[in-house]
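Protein chains in written order, with the UniProt record's numbering: chain F, 1 to 482; chain C, 1 to 584.
Be a bit skeptical, because a hint or two may be false.
[Stated by the list, open to error] Computed list of lysine to any residue pairs in SDA-like fashion (alpha-carbon distance at most 25 Å, straight line): (1) C:K555 <-> C:W271; (2) F:K229 <-> F:D151; (3) C:K382 <-> F:T283; (4) C:K404 <-> C:E61; (5) C:K434 <-> C:K404; (6) C:K434 <-> C:T508; (7) F:K347 <-> C:K567; (8) F:K347 <-> C:K434; (9) C:K382 <-> F:E188; (10) F:K363 <-> C:F355; (11) C:K555 <-> C:P368; (12) F:K347 <-> C:N78; (13) C:K382 <-> F:Y384; (14) C:K55 <-> C:A94; (15) F:K347 <-> C:N256; (16) F:K478 <-> F:Y384; (17) C:K382 <-> F:L281; (18) F:K363 <-> C:V292; (19) F:K263 <-> F:R346; (20) F:K347 <-> C:T294; (21) F:K347 <-> F:Y324; (22) C:K201 <-> C:T276; (23) F:K347 <-> C:I537; (24) F:K480 <-> F:R247; (25) F:K347 <-> C:K106; (26) C:K382 <-> F:A173; (27) F:K347 <-> C:K55; (28) F:K347 <-> C:I380; (29) C:K555 <-> F:F354; (30) F:K128 <-> F:A173.
[Claimed, not checked] Anything over 12 Å on all C-beta distances counts as not near chain C; from chain F, calculated: (31) A294; (32) E335; (33) S338; (34) T341; (35) G351.
To be clear, the hints were calculated from the coordinates, so they are not data collected in a lab. Even for Gly, the Cβ is constructed at its ideal location relative to N, Cα and C.
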Amino acid sequence: MKKHHIVRPVIGLICILLLQVGCSDPWDEHARDNAGLTNEPLLERLDQESEASEFMKLLRASGVDEILDGNNAYTVFAPENSRMQAALAGLSDDPETRVNFVKNHIAVSTHRLNASADTVRLTMLSGKTLDFVNSEIDGAAFSKSNQAGTDGMYHIITDVLTPRQSLWEYMNAHSDERQNAFILSLNEYNLYDTAAVEDPEDYYLNNEFLREVGDVRDENQHFTYFILKNEDFTAEVEQFLPYVNYRNHADSSYAIGQYEIVKDMLFKQAYSRDNLPAMLLSTSNVSFPVDKSAISQSVRLSNGWVHVLDRSTLPVVNKLIDTYVQGEEPWGFSESVSDRTFHRVRKDPFGEFFTDIMVQNHKVSSLQIIYRTSRMYSTTYDVYWRALNDIQTNVFQQQVGIFEFDTRPSEEDPDVEVRKSIYEFPYTNVERNNYNEVYLGEFNLADYNRIVPVLRSAATTADGNNTLVLDYLRFVPKLKTN
Amino acid sequence: MKKSFIYSLSVAMICFAGSSCSKFLDVEPDEVLVKEQMYRNIYDADAAVIGVYGKLLSLAEQHVLWNELRADLLTVTNRANPYLQEINTNDVDAISSDNPYVNPRKFYEVILNCNDVLANFEVMRKENKFTPEEYNQRYSDIMAVRSWVYLQLGIHFGRVPYVTDPLEDTDAVLDNNKYPLLEFEQLLTQLITDMEAIPYKLLYSSTESLMYAVDGYIMERFYINKQSLLGDLHLWKNDYQKAAEYYKLVMTSYDNLGNDNFRYDRYKVKWAEVATNNDIAVGYLRYREQDVRTLINSKTQGWRSMFSRTQDVLWDTEWVWSLPFSSNFSPQNPFISLFAANGGDHLLKPSQESFDLWNSQTQRNGVPYDARRDLSVSMIGKEGVVTKYTDEFSDIGTMVPIDKFQRDGKWHLYRAAKLHLRFAEAANRDGHHKLAVGLLNNGIGRVYDDPNQTDKTDIQQTHLPFPYDFDARNGSNPFYRGTWHRNDGLRGRAYVTFRDINPTDSLTQIENYLIEEAALEMAFEGSRWEDLLRIAIRRNDPSFLADKIYEKLSKEGNPQADAVRSKLMNRENWYMPFKWNVEE
């Protein structure tokens, strides 16, 4: 009888043991994987870290410690004491500067040491982006890493992470340079007579440079920016003025001239002086020759580099790039011929595919296809077309006319707005199976503006003779020689 | 007390059982159909046939991976797992032993299922549980399925065990003492013997219960076409006359049903309807052929529509064998995950080599690429997406799923284009080059025509005996409409320019063009590896296969390209390792 009393608890024990071993607990496994994780808050751990004491002093003094309140996880990159002392000597007493300095050492979320060659871009609380790669953050090495607390992680690094200026901040701080002053002036000033209502608070909407060339405020993009000395900048603008004659208006033309110079001084990769390639390509496809000997000073920024030039290195001829008008991208037609309009794909003798437009059998005499360009320099242009006549057995003719973009009241009827002709090229043969460009002649553009090229068919309704075909028009601007 | 001891012991036992976590719920159900009750009448037999096809569907994914990803037109995206990458690189020595896509076990499950059904059909026949006609049709069908599965195994593993016993245990197949490995050539001979011996080689008679429409799905093209399989087997065996005979029987199988549209259209690779575009040819809007924007790129008209249109009159003119996947029954459509970029995982994509092939063609309106490129593939950024399997699932323009829970699709197994190309391959080898060129290029009527002659009585036909007899006369005065007068040739239907044939070595040149046409026309449909292997074996020229795989790998910068090429120059390396891990 008594024996059974012993057996029962033993069986019960076996029961419990079996239940225990039956299935593993994923939470236990998780905990095992995170050995070294303590249950202390990040701030308490940092207080115990002797090498972080100088940084902690500044952290508390600046009030940034209140951010590390345990509601979110952060990673703190604390510089060694000796480095902090050296850096503090040169740091201004301005509270904002100090807060920014501290915030540049803290990132949201936990980031373990990145030893790989793949860059992790960390956005710090200061808003700056730092590269975290090859066991270094922004070039600073780690003396102690992956120290975790309940609400974050810290690393001890061997250098301070002083926040750098962005290119936009640099421009604002150096507004005495005419080149920078001009870019800043675009916050208020409109280059063209556009009636768009813009928000005075949003530089991006108003500032043509930020909008069209590059948003240099952006910490996540990389830039290389060249800056000319004041007298060089002025000389460059003066030299370029003949190409930007805007409605014969001196002030507007001068502003546009300045814009045309600065637009080719910014590039969307970051190159230190040593890494600069021999040639850069601007956003408007101008090739910019780099002469390192002309660089007198280089400044590293949070989002790139500024190089100060002793002399201009960009010849005017480089800025005169060709304008292409693609045949298959018309702006309009003189009559609706959509059923007879063909977008064709062909292969040129070099094996490259191209798309062109053909309007055939449309029964309209002098049918016009209307195109438009972006703004073009006030100079003389050589004009070419490529037009492939490959499915007809006969040669036909077509012509190109150049019209002003802006309309004006007609002389016959002032209520009707018309576009004035600038130049008309003669009717020209479209020979069979000719894949080469055909030279049409030259015309002079007096005004810096957009133009409206028009392709016109022969003045006949006969199928096959009033065909229009166009791969592209090419406008080659010429250097002014006065 | 004794009672309570037993009680606590049983608690311990329950705990013990519970603690082992798995197999706890593996309880045999009470109502099981005992094997002996399964084959009682014709309806049981029909259920067994449908059951075999249901199991066959589970091979679709591996079939396409083996025949396309191993070959040169299909490759992996960077989302593909390492197992798929192994198949893509095709270094058979480097394939992991646990690569699930290589494992042939599922194929043997289908074979053993067939063996079981065949054995039971024989028993049923002996016990007079169905008529000789009913028996002949079902028995032949299942034998054809089994032979098709064996042919696939032979093509990809070289030597495989040939098992005709109904085994309970699939792993018993691996017993080499009982089931020695058959070389591919021996296997082919065996399969031809099996297939020639079947008592019935046509489609099921239309009065058979298996031909009743199910869920709106017409069953006629659901079952394997035995004659096209016989054609393929003889073509592998280089018995060209026999192959051509069987292919020709399929091509003409609807000719004598008293319906002229069946006779002129079905399996004839019919010309384009240029005025209405209600066809399955490559076409543009009429009189706007120069405008690439008017290409007929639709699910209801033109070449592309054959992959997603309902089983209508036009669908019937092309498809020989097509198995459906439906969201309503298992197994699930594997192709959406493999191919779709939206709603799927986009694991596979067209290779650069496939684009280069299409881009080296010229359409008859002068457009410098094959329109079948844009009707088989869509682009997401710079990456191609195969659309042949997902047109039922996603929108053509946006590539977004129409209803992501409706994952219907088809396993494209055999169609008229394949039939014509393989017939032409046999005819070409059998000395009938002109006929082969007609089927490839611009149609039989045109190659045998004399445009200066208005009386077509003696032209526009081959004047050859069966199976090379074709009458494509299309005359006004005197009036003729030959059975083949609508045949447009494959390149005619695809709106590409015709091949010039060099008369000095027309045999090899035509064969090369036929294989290349199969790539242009049937890319990703699961026959490319077969084609490359068949020609490499026939010509005893491994480079025919090795060079093409090399082109794919080198064009995508695969560092293994050279090594794989030299390996594939040895026939042993054409075959994947035949093994699977036996579960304990």
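Is S338 (chain F) truly not at the interface, in the sense that its beta carbon sits beyond 12 Å from all beta carbons of chain C? Violated: least Cβ distance 10 Å, not greater than 12 Å.
Under the criterion that the straight-line Cα-Cα distance not exceed 25 Å, is the pair K478 (chain F), Y384 (chain F) satisfied? 14 Å, holds
Does T276 (chain C) sit within 25 Å of K201 (chain C), going by the straight-line distance between their CA atoms?
38 Å, violated
Hinted pair K347 (chain F) and T294 (chain C), Cα distance within 25 Å = Cα-Cα ~19 Å, so holds.
### Query
Quick one, are K382 (chain C) and E188 (chain F) close enough, alpha carbons at most 25 Å?
41 Å, violated
Given the hinted pair K347 (chain F) and N78 (chain C), is their alpha-carbon gap at most 25 Å? 31 Å, violated
Check your understanding: For the pair supplied as a hint, K128 (chain F) and A173 (chain F), is the alpha-carbon distance within the 25 Å limit?
Key -> The hint holds at about 17 Å.
Open item on the list: Minimum C-beta separation from G351 (chain F) to chain C exceeding 12 Å: can you confirm that?
Closed with: Violated: least Cβ distance 9 Å, not greater than 12 Å.
CA of K263 (chain F) to CA of R346 (chain F), is that 25 Å or under? 36 Å, violated
Taking only the CA atoms, is the gap from K347 (chain F) to K567 (chain C) under or equal to 25 Å?
37 Å, violated
For the pair supplied as a hint, K363 (chain F) and F355 (chain C), is the alpha-carbon distance within the 25 Å limit?
-> It is violated: about 39 Å lies between the C-alpha atoms, which goes past 25 Å.
Non-interface claim for E335 (chain F), where every Cβ of chain C lies beyond 12 Å | About 17 Å separates E335 (chain F) from the closest Cβ of chain C, which puts it past 12 Å; holds.
In summary, the numbered hints that this structure violates are 1, 2, 5, 7, 8, 9, 10, 12, 13, 14, 15, 19, 22, 23, 25, 26, 27, 33, 34 and 35.
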